[in-house]
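Undergrad: So the protein lines, in turn, are chains A and B. Using my numbering, the first residue of the first sequence is number 9, and each one after it goes up by one. Using my numbering, the first residue of the second sequence is number 9, and each one after it goes up by one.
Keep in mind that the hints were calculated from the coordinates and are not lab data. Treat the numbers as computed from the prediction; the structure is a model and nothing was measured. One or more hints might be untrue.
Said to hold, decoys possible - Rough simulated footprint, nothing fancy, chain B against chain A, three-plus residues with beta-carbon under 8 Å:
no., segment
1, 54-64
2, 114-123
Claimed, not checked - Counterexamples of contact, computed for chain A against chain B with all Cβ distances above 10 Å:
no., residue
3, Asp-71
4, Lys-128
5, Glu-129
6, Arg-136
Here a beta-carbon is modelled for each residue, glycine too, at the ideal position from N, C-alpha and C.
There are 2 protein chains.
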Amino acid sequence: MRILGVDPGLTRCGIGVIDVSSGNRLVLVDVRVIQTSPAMGLGDRVLAIKRGLVEALEEFSPDRVALERVFAQHNLRTVMGTAQASGIVLAEAAERGLSIDLHTPSEVKASVTGSGRANKEQVATMVRKLLSMSDAALLPDATDALALAICNAWRGGAGSLVSNANDQSTLTPAQQKWRDAERQSRRRG
Amino acid sequence: MRILGVDPGLTRCGIGVIDVSSGNRLVLVDVRVIQTSPAMGLGDRVLAIKRGLVEALEEFSPDRVALERVFAQHNLRTVMGTAQASGIVLAEAAERGLSIDLHTPSEVKASVTGSGRANKEQVATMVRKLLSMSDAALLPDATDALALAICNAWRGGAGSLVSNANDQSTLTPAQQKWRDAERQSRRRG
Numbered sequence: 009m010r011i012l013g014v015d016p017g018l019t020r021c022g023i024g025v026i027d028v029s030s031g032n033r034l035v036l037v038d039v040r041v042i043q044t045s046p047a048m049g050l051g052d053r054v055l056a057i058k059r060g061l062v063e064a065l066e067e068f069s070p071d072r073v074a075l076e077r078v079f080a081q082h083n084l085r086t087v088m089g090t091a092q093a094s095g096i097v098l099a100e101a102a103e104r105g106l107s108i109d110l111h112t113p114s115e116v117k118a119s120v121t122g123s124g125r126a127n128k129e130q131v132a133t134m135v136r137k138l139l140s141m142s143d144a145a146l147l148p149d150a151t152d153a154l155a156l157a158i159c160n161a162w163r164g165g166a167g168s169l170v171s172n173a174n175d176q177s178t179l180t181p182a183q184q185k186w187r188d189a190e191r192q193s194r195r196r197g
Numbered sequence: 009m010r011i012l013g014v015d016p017g018l019t020r021c022g023i024g025v026i027d028v029s030s031g032n033r034l035v036l037v038d039v040r041v042i043q044t045s046p047a048m049g050l051g052d053r054v055l056a057i058k059r060g061l062v063e064a065l066e067e068f069s070p071d072r073v074a075l076e077r078v079f080a081q082h083n084l085r086t087v088m089g090t091a092q093a094s095g096i097v098l099a100e101a102a103e104r105g106l107s108i109d110l111h112t113p114s115e116v117k118a119s120v121t122g123s124g125r126a127n128k129e130q131v132a133t134m135v136r137k138l139l140s141m142s143d144a145a146l147l148p149d150a151t152d153a154l155a156l157a158i159c160n161a162w163r164g165g166a167g168s169l170v171s172n173a174n175d176q177s178t179l180t181p182a183q184q185k186w187r188d189a190e191r192q193s194r195r196r197g
């Protein structure tokens, strides 16, 4: 089972690919960060993300894609770019018939460190340990993409697009509010 | 000059195509709404938007694309889906080398009705009048896509992706705050 994790973003979009063997053993396949300059036009930036993602999907042929679940309350400065990049990931994965799972940041942290409130450094330390890459210096976006893939390997796949959102234990109060708003939006169409 | 306007959204994505002649005369070419069900998987919804948009781009070969500028403060319930859909529009337009312009809702209203605070009905009335389609019943998303295209025809194109955001006169206080946050984000990379 090969999982491609994406930490979406316009300035830096992390992509991490891991293999999961039957005994839940994790093997690093690849990790990269697509970078675009804020000086570029918005269309060109989103297109660069698309091209980099398509390249990775074709090179590694993952079985599943794991994507960070974005909340509108987070990082007002960057949330729109993050959502635009995540739209690209959703469309490209769906076009290839790949299963897509969304995981919240706190789910991911809880998966790799045991705590939904772990800091960036703890996550990085655990990702390096779990993937036997102890001396690697990774960009945070690279670490987060690998952490997403690990979280997806352990929490399991298909269906979590919806059902993970029901797991209150890893949602902050703001995320729960957002999840409720999303549900309401689904009901109202 | 042919302009394709998009009112992005996951549940309903409006697409309006107009031709602008040398004397600024407007001619309706096509208007349609791509609809996806909230019961579908998120990836399949975004993919349906992508396919519908690509179909329209290929069928009508526009010279420019006009897209609604989305603000994170607006409609918390739907803003993430709107941004995901707009990411698709940005990438597909850029991939075809089309110029892309973003317009705020108040810019669009001001363009077609003379007031940035006009209501939906005023916008619809003016769109029908300007495009000589007085007896047509249009979905709001269709009207908004056509209004975007008209706004783009009149305000002019290339460059407004950035420079329209500087036009304080049509930004609400919340939009100005958001615009400032975006600028800051650009500076910080």
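Undergrad: Each hint: holds or not?
TA: We went through each hint and held it up to the structure:
A count of 4 residues in the segment 54-64 of chain A with a Cβ less than 8 Å from any Cβ of chain B is obtained; the coverage claim is therefore met, three being the minimum. Only residues whose beta carbon comes within less than 8 Å of a beta carbon in chain B count, and the segment 114-123 of chain A has 0; fewer than three means the coverage is violated. Every Cβ of chain B is farther than 10 Å from the Cβ of A:Asp-71; the closest lies at roughly 14 Å, confirming the non-interface assignment. Look at A:Lys-128: its CB is around 17 Å from the nearest CB on chain B, clear of 10 Å, so calling it non-interface holds up.
Its beta-carbon lying about 21 Å from the closest one in chain B, A:Glu-129 satisfies the requirement of being farther than 10 Å from that chain. At the 10 Å boundary, the C-beta of A:Arg-136 stays outside the reach of chain B, the nearest C-beta of that chain being 25 Å off.
In this structure, only the earlier hint numbered 2 is contradicted, and the remaining ones agree with it.
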